[in-house]
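Let the hints inform the model, and build the full structure from the sequences given.
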Amino acid sequence: MENQNQQALDNDLIAIQRCLSGNPEAFEQLVIRYQKPVYNLVYRFLGNADDAKDITQETFVKAYQSLSKHNPELAFHSWLFRIAQNLSIDHLRWKKRRRTVSLDESNEETGQEMHYHDIADQTPDVRNELSEAQKCARIQTIINSLPEQFKAVIILRHIEELPLQEIARILNLPLGTVKTNLYRARILMREKLGDIYAES
Amino acid sequence: MLNHNQVQSKLQDYLEQALPEVERQELESHLTECAECRQELHTLKDLVQCLEALPELDPPSDLAGTIMARVRVLPVKVSFWDRVKGWLPTLGYAYTIGLGVVYILGYLAYRYISQTNFNLLIMFKQSVIYVSNVIAKFSELGFGLWIAFSSLVRYGLPTISTCLIIETVMIIGGLYYWYNRKHKAIHLMVLN
Numbered sequence: 001m002e003n004q005n006q007q008a009l010d011n012d013l014i015a016i017q018r019c020l021s022g023n024p025e026a027f028e029q030l031v032i033r034y035q036k037p038v039y040n041l042v043y044r045f046l047g048n049a050d051d052a053k054d055i056t057q058e059t060f061v062k063a064y065q066s067l068s069k070h071n072p073e074l075a076f077h078s079w080l081f082r083i084a085q086n087l088s089i090d091h092l093r094w095k096k097r098r099r100t101v102s103l104d105e106s107n108e109e110t111g112q113e114m115h116y117h118d119i120a121d122q123t124p125d126v127r128n129e130l131s132e133a134q135k136c137a138r139i140q141t142i143i144n145s146l147p148e149q150f151k152a153v154i155i156l157r158h159i160e161e162l163p164l165q166e167i168a169r170i171l172n173l174p175l176g177t178v179k180t181n182l183y184r185a186r187i188l189m190r191e192k193l194g195d196i197y198a199e200s
Numbered sequence: 001m002l003n004h005n006q007v008q009s010k011l012q013d014y015l016e017q018a019l020p021e022v023e024r025q026e027l028e029s030h031l032t033e034c035a036e037c038r039q040e041l042h043t044l045k046d047l048v049q050c051l052e053a054l055p056e057l058d059p060p061s062d063l064a065g066t067i068m069a070r071v072r073v074l075p076v077k078v079s080f081w082d083r084v085k086g087w088l089p090t091l092g093y094a095y096t097i098g099l100g101v102v103y104i105l106g107y108l109a110y111r112y113i114s115q116t117n118f119n120l121l122i123m124f125k126q127s128v129i130y131v132s133n134v135i136a137k138f139s140e141l142g143f144g145l146w147i148a149f150s151s152l153v154r155y156g157l158p159t160i161s162t163c164l165i166i167e168t169v170m171i172i173g174g175l176y177y178w179y180n181r182k183h184k185a186i187h188l189m190v191l192n
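Residue numbers (my numbering), protein chains in the order written: chain F, 1 to 200; chain V, 1 to 192.
Just so you know, not all the hints are guaranteed correct.
Derived DEER-like restraints, expressed as beta-carbon distance ranges [as the list claims (entries may be wrong)]: (1) 62/F <-> 24/V: 40 to 46 Å; (2) 9/F <-> 69/V: 25 to 31 Å; (3) 91/V <-> 47/F: 50 to 56 Å.
Facing chain V, according to a computed beta carbon distance under 8 Å, are these residues of chain F, among others [unchecked claim]: (4) 28; (5) 29; (6) 56; (7) 61; (8) 65; (9) 83; (10) 158; (11) 183.
Hint data in this document are derived by calculation from the structure and do not stem from the laboratory. Keep in mind it's a predicted model, so treat the numbers as computed, not measured. For every residue, glycine included, the Cβ atom is placed at its ideal position computed from N, Cα and C.
Here's what the structure looks like:
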């Protein structure tokens, strides 16, 4: 298993070198190998298939253009996840700004006091027992409402199933901070899911 | 006896299977007695299970094609230093071959001037010996190794093998030349 991982890492480095030597076709194997995990990461981050597709594209294009900056000490997929996570955060902030502006405009028209954050944090009142599928759908909604730093650790740890040390490298944070964020993220999620478990 | 705050923090490490054996046993013994903490663990485990059970999504089928269509028309941004590193193997070959030419020319010059009594040419011969065998050899060795390793990093084994073969030939040639220098120096004295 470890040998296979090492083989994959070596293959990534060879493909990168080929791209840097002027062979863009070598990038295709990297795209094919990592499009699924990157797409899933971005989808869980943004909660929207169209945005996930766009940001996954941007992630690979940005990675390709910056290949010479890739540090071989950081696995290519970790570097890719870092780019995907940063682009996803930028995209969320951009959307948030856009929606805040449009809501402000709409409030001026209606005279009602309403904030984007109220909408982002509002959670449907679940009182009935939920099926597993519904529970999972609800979990995605709760992931969407998590603060960025918590969302990142939850997705990388539980969706991508990466070890904590690798998450620390991807997020460029100390291991202790990653553990703390993970702890707080789980507590927050548990609180938001509280009503479901109270019922079940 | 553990309090609830301590248990909260330990439960996270317990879930990550990162709790030392002694603390794990202490926590498990607490969990058998405390229904509230047991419920807490159950909730967290359920949460983790639910997160890990989220379905893995397939990316759109045209995603890779769209990315590659964009990539093919884009240049890779390569820094100046990376471009220089890209030239290193070529520079290495040029340097090694160039040095070989200098050796051969030096040797031919020596053969030529050893048959004359012209002092200026004898001085030239001496400088060829020193440059070829002392300064050039050391710099060639250091530079050659540097080139060889940079070639290995960038282009893998075939390039470094070629580079090393050339280096080895050059070193053997240098040593042979160095060994013969003594005889040539004697010859120089005779000429002087």
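Evaluated hints:
no. : hint                      : result
1   : 62/F <-> 24/V: 40 to 46 Å : holds (43 Å)
2   : 9/F <-> 69/V: 25 to 31 Å  : holds (27 Å)
3   : 91/V <-> 47/F: 50 to 56 Å : holds (52 Å)
4   : 28                        : holds (5 Å)
5   : 29                        : violated (10 Å)
6   : 56                        : holds (6 Å)
7   : 61                        : holds (5 Å)
8   : 65                        : holds (5 Å)
9   : 83                        : violated (13 Å)
10  : 158                       : holds (4 Å)
11  : 183                       : holds (5 Å)
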